[in-house]
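Q: Residue strings, one per chain:
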Amino acid sequence: MKTKTKARLKSPWVLHYDCGSCNGCDIEILAALTPKFDAERFGIVNIGDPKQADLLVVTGPANRRNHRVLKRLYDQMPDPKVVMAVGTCASTGGIFHNCPNTLGGIDKVIPVDVYVPGCAARPEQIIDGVVLALQKLSEMSEKEDD
Amino acid sequence: MSENKTKKFTVFPFGPQHPVLPEPLQLKFTVDEERIVEVVPNLGYVHRGIERACELNDYRRNIYLCERICGICNFMHAMSYCETIEKITDAEVPDRARYLRTVWAELSRLQSHLLWLGLFADGMGFESLFMQLWRDREIVLELTEKTAGHRIHLSTCAIGGVRKDMDEKLIAAYRSGLSGLRRKMDAVAPVFRNDRSVKAKTEGKGILPKSRAVHLGAVGPTIRGSGVSQDMRTLGYEAYGELDFTPITYDSEDVYARTQVRLDEVYQSIDLINRALDQMPDGPILSKSTMFPDGTAINRIEQPRGEVFYYVVGNGTIHLERVRIRTPTLPNIPPLLEMLIGHEVADIPPIVLSIDPCISCTERITYVNKEAA
Amino acid sequence: MTAIVLGASSLGLLYGERFIMTPPPLCQTAVLLMDFLLLGYFLYVGIKKRNPLVMGLTVLQALPMAYFELMGWGHHTEPVIVVDRLSVLLGIIINIVGPLVCIYAISYMGEHEDHLGLSKSRQGRFFLFMLLLLGAMNGLVVSNSVYWLYFFWEVTTLCCYELIRHDATEQAEGNAQKALWMSLVGGVAFVAAMYVGHYAADSIAMDRLLVAQPTSLLLIGFGLMALAAFTKSAQFPFHSWLLGAMVAPTPVSALLHSSTMVNAGVYLILRIAPAIRGTSLSWAIALIGAFTFMLTALLAISQRVSKGILAYSTIGNLGLMILCAGINTPLSYAAALTLLLFHSLSKGILFMGAGIVENRLNSRLIDDWEGLLGKLPFTTMTMLVGMVGMFLPPFGMLLGKWVAMDAVASSPTLEGVPLILLMVIGSAATTLFWAKWLGHLTILPIRERHSDPEVLLAPYKLSLMTLLGINVLMSVGVAFAINNLVVPILVGSYGAALTTPGLGVNTGVGTFLVIPLWAAFIIVPLIGIYLARWKGGSIETPYLAGENIGEDGLSFRTIADSESEFKVAGMFLDDVIVEDKVARFGVAVGALLVLLMFVLAVI
Amino acid sequence: MNENYIVNIVLPVLLTLGAPVVGGLLMGVDRKITARMQSRVGPPLIQPFYDAIKLWNKRPVIASRLQPVLAFSYLGFSLLAFGLLMFRQDLLVIVFTTALADTCLITASLNSKSPYSYLGGRRELLSVLAYEPVLIMAFLSIYMVTGSFLVDEVLAYRMPLLIQLPAVLIALVLVLIVEMKKSPFDVSASGHAHQELVRGVYTEFSGYTMAMLELGHWVKVTLVLSIVTLFWAPNLLIGAALSLAAFFIVLVVDNSYPRLTWRSMIKTTWGVGFILILANIVGLNLMGVI
Amino acid sequence: MPKMLWNIIRNLLSPPATIRYPHVRPEPVPGLRGRISFDTDRCDQCQDCERICPSAAIKVVPEEKRIEYDPFRCIYCHLCVENCMQKAIIAEDVVRPPEYEKVKEVFE
Ligand code: SF4
Ligand code: SF4
Ligand code: SF4
Ligand code: SF4
Ligand code: SF4
Ligand code: SF4
Ligand code: SF4
Ligand code: SF4
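Sequences listed follow chains A, B, C, D and E, in order.
Take 0 as the starting number for the first sequence in numbering that gives the first Met the number 0 and just add one per residue.
Take 0 as the starting number for the second sequence in numbering that gives the first Met the number 0 and just add one per residue.
Take 0 as the starting number for the third sequence in numbering that gives the first Met the number 0 and just add one per residue.
Take 0 as the starting number for the fourth sequence in numbering that gives the first Met the number 0 and just add one per residue.
Take 0 as the starting number for the fifth sequence in numbering that gives the first Met the number 0 and just add one per residue.
The following block holds chain A by itself, in its conformation from the complex (with noise of 0.2 Å):
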């Protein structure tokens, strides 16, 4: 592997954007970062600017008024990134799928890379995400060499 590729798997800053989730996987993902799961481990960091990031992680469903925010956050991130819906409402809208106000899964607004189930999400389930979302980072990253 390249040093590149290897260095983009060791270090994915996460920008983490709450669309319209009930708190309960951002709490998770929080939950990810301290000592029990300690996700720092994987180079992880919770970086907070999206000029930084590699890897958008998304939860709660995509609403009427959130959604520009969340392209605009998306655009903001250099490439290579990943974008990782936590959440079953992050992924289809979930609970809230007959909510007026939401556009179901954040995948209509933005692109999404990785699905992560529950509701909560368990960290570890955040945790194994974020390996998927690496696999198909080295994949783009190997993709860009040729």
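Possibly wrong hints are sitting among the right ones.
What the hints assert, rightly or not - Straight-line alpha carbon distances no greater than 35 Å define the calculated DSBU-like cross-link-like pairs of lysine-lysine that follow:
# : chain 1 : residue 1 : chain 2 : residue 2
1 : E       : Lys101    : A       : Lys135
2 : C       : Lys566    : C       : Lys374
3 : D       : Lys266    : C       : Lys566
Treat the hints as calculated values from the structure; they're not laboratory data.
Based on the hints, put chains B, C, D and E with the ligands in the right spot on chain A.
A: Okay, now just chains B, C, D and E with the ligands, sitting in the frame of chain A:
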């Protein structure tokens, strides 16, 4: 030189995406150098239309929807919804179920307060304290998981009682877990109470005078930190009437007071759970009722953040006529705007967090977007 | 024309040795006459403007002067004119920067009068006083007779007064009078110094006074001269006139701050410094300088008006020079000279640039200057280099400051400590206010993309570029400058303190590698540019918490979907540094320090 | 002759180029120890290098044409300052060169047309205001003891500086906290903790520009640590241990304090720093050492 | 003395609280609300589960004896499990892993 007095202000948006805010809320700040002169809130990023969906759903499904109004005190929402429906249908809740609900409600509060204390530490830029509190919070989550098979959403409440029971083993786990938690809390409590640098960030910040708190209708720890003893648990719903409960209040009206209220409530919740487990009677946990709700009821309970208010109208079918929910963060926002004025940019996170904003349940109002409508 | 001749002649003098001359008695009489005419005019001004201070101070010097002359004490002052290396250095500064400012003023005054909508040009009067000021400065630095010195001193006061009130507004008039009375305080001190000189050393020739046995009486005399110098160099407690002088057209400020007027004070202190080496008087002078340096650096942070920053910075740098002169070691003396030279070169650029911007933007508030780099690229670039030249290596100003620090550090420990502390704080505050201004200028235009291209008149360009060129050349060739301009001055009274091995500068306790630093200063950004080309990158919208609107994304969505621009304002810390309060504190402490100075002179 | 050549030219150049490596490793140690203090496992030791390489390879996005040039200048001048130290040059010139580097960073963040970056840049300026005078004072006190600002002479001084200047070393730890952007003084940007200003000065940097800032930051931290090393000049190994101890203290402090405001930062560094240094100088003077 | 000091020193000296997932996979707690699957043989197409499901993740097509289940819509409340009279819904105590595509699961 008069020219030298002409001021220009810095204007910037704080949110909806901001690392300090776990949830989307926008505050537009106008600051002079770093001193806040104006705050304009902008809500609606989480608005989903839950109340409307509640009217569209089978009313029994709503327990799970209401639970997901917010994941942090999910059990409280489910419980409040169930209570409201029970009021309409005059359903009897078995005693053991009342006690179980109380235990889990307090467990939720514990989880929420620990979470908040951690986030608050993070907001102060105190990473190690955040990590420590979230590490200790896992004790509560493990208990939740053992109870309901899930770390966050208990999903154990049902109309007329609860879905799950607690066996002796679980009760023992509760007792040992909570005493462990109490020990861990003893190690961090002094940091919030006496540490000079933490006090520098909390004392005298975000003052909410008692009269203003009452006038603006603040609720929960926010108003209790201003010396007003307002707590819905004194209404004695579920088992609270039998647990000898007195609200905790602090008088210094600042962020420090609100922190102390929550810190004390952590200990109080541990005590309440222990007492409830001691007094818990045996018996059934669920009384099934097949009647569709017909009538109107209101219900008020105390969430970690303050009073939540449910208003439900049923019309005798499986669908409800109307569901209104007033959640605690909304009445706390006007006080927040007042607290912020005159403080510095560095004080924004502690002050904003001091009301423990929970946008996801607050955000059920929005400004209509003309193009989208 | 005169300017060029003067410049050339002073350059010529550079290689000459001490040049001595005594003009015929007729000249002396003429000076005497003109002096009293001048005092008469001041008195007239005082009466006309009903300014008791001006009146009182004029009378206070006119009467003793008259008595002094009547007694005929003013005549044993052979030789009247002495040109030594110090005079030459000052002469070079005056006659290089001065004419450039005048050239600049040709364009500026045209624009300026258009601005004011004047129908009748008053430029003739303006240039008269500008040139008179230059002439007087030249006279001042070559006079050996305290009496002549005093006369030229008063001429500069006159020019200054007239130039400040040039625009004839009420504010200008008020500030001009303030400048006048403060300068007159200096005049009174001078007259008193003459008496002291007469009684203590039986002479009013500088060269005699300087070598006389320093009695306390004589020290008081030097103290009085230092007091006069403080008034000219706008040290606390006399700092406010120089700020008031900002109301004058910019070339005036450029001239006052860089090459004339304020340098007179420093010159005087440098002149008397060798005579007061090792005395507590010297230490007190240093303390006042250090105090002024520190406080003005803090005050400059709170300034929103461009010229205000520049003015405080001038006062501060003068304070630094006076601090160095007061420390009075060979090294510190060299530091003062280096600072003097480079300060003039840098400050001139900044004032001239600020004047152009002010005329173009119609605002002197630096908050309104954001994005200047896009609007006026040429002027702004020049100013940016000028600013970097004020506080960063490898420029001459910083080199001067570095020598100064070495010098302060090597002063005796316990007395040195307060000076060190004041200087270090001042120096950090200096970095702060320059860097913030510098950054503010480079904010690319936030909104307007296409503004009219910058058109500058030839004299503007000529003066700016020449001065900048000289500054850079001198900074690169600082070894040459030091060897030829600074060291010869030192040799006389101190012995060389700076050496220039391998084109660096060595103070004996430290080395400043001029050439490597310059090389890096040029190479590093070049690599940066190359790298930026190679890597490229598209310009993206800024981070606005995700709520940007539109293509450029420079505004954000807020309540009820309304649009709001983000704004940024400069940093002035004005809840910490309240200008009025700090300045009042400065005046009070300054006054106390002056008092202390005299006390120390006596004991 | 040959040996001189190596010691005087080759070694310093190598050390200078090695500074980012050392700095990166230190940052890795920092993250590891910090994690352990928070009862976590923490990232691998070479994590900072992964981060930097990754950043370098991201699609370039800039905020203005000037930004990358300034970002590189920040790195370049930081290296220059470090190089001056390795070439055993003048301590004051080193401080001024770091000021030059800081100015580049600040200018770059101020010209990024973004409010957060702007606020961060202002606070970075205040950080410079907070530490620069203390650093200069520390150097002055070194001068008073050794009689020279030249690192060369300081190295040749007959006894460890620590013995004469213990309080100055403590003041330097304060400087180190500010330089490393650690709590309680991480006002302008903080490593990975959340900030009211998002990423503060770094907000508008991404990809390779951010990578250069990271490198520059490492170099500057190494610079301050190397200066701490000077405090046991006769045996630089002990000096290195000393600087690692200082580094560890910074981490302990970082984890025991919340972020304070810039006001308290300046009050502390100036108040405590100046008092310590002055007390040390005056003490030495009373004892007749200087 | 900062009050946090002893905490961090204690943390530093004691082993980390990290469970080292995914290298170490802890035992699931009993009763964990994990993934579900349908036993179509037992199902009698009563559609109770479809009705009760709060997030409408189940679609029963009685004519074709087919159950479509969307694991990315399910909130794992296990209400359906409890309510199915035929015990045709099997709950496991493993969680549903993440995936690149949201595939619906079809049981026939
Ligand atoms: S305004 Fe629109 S979004 Fe809001 S409740 Fe009415 S229909 Fe729903
Ligand atoms: S998936 Fe469930 S727990 Fe997660 S945010 Fe959505 S509703 Fe909340
Ligand atoms: S405001 Fe209430 S009723 Fe209206 S859409 Fe939202 S949740 Fe439903
Ligand atoms: S108050 Fe907060 S935690 Fe409670 S339900 Fe509402 S959003 Fe959730
Ligand atoms: S009344 Fe009809 S629609 Fe409603 S639950 Fe019963 S069968 Fe279904
Ligand atoms: S808008 Fe406010 S006051 Fe009105 S119903 Fe909703 S929460 Fe209550
Ligand atoms: S409830 Fe059970 S039996 Fe009925 S359709 Fe669903 S799986 Fe089949
Ligand atoms: S577990 Fe709950 S959400 Fe999932 S399919 Fe069953 S009833 Fe529906």
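Q: Verify the proposed pairing of Lys566/C with Lys374/C, using a straight-line Cα cut of 35 Å.
A: With a Cα-Cα distance of about 18 Å, the restraint between Lys566/C and Lys374/C holds, given a limit of 35 Å.
Q: Decide if the proposed pair is consistent with the structure: Lys101/E and Lys135/A, CA atoms, cutoff 35 Å inclusive.
A: Holds: Lys101/E and Lys135/A sit about 16 Å apart, inside 35 Å.
Q: Just to be careful, I want the Cα atoms of Lys266/D and Lys566/C compared with a cutoff of 35 Å; is the pair within it?
A: OK: Lys266/D and Lys566/C at ~29 Å, within 35 Å.
This entry satisfies every hint, going by the numbered hints stated previously.
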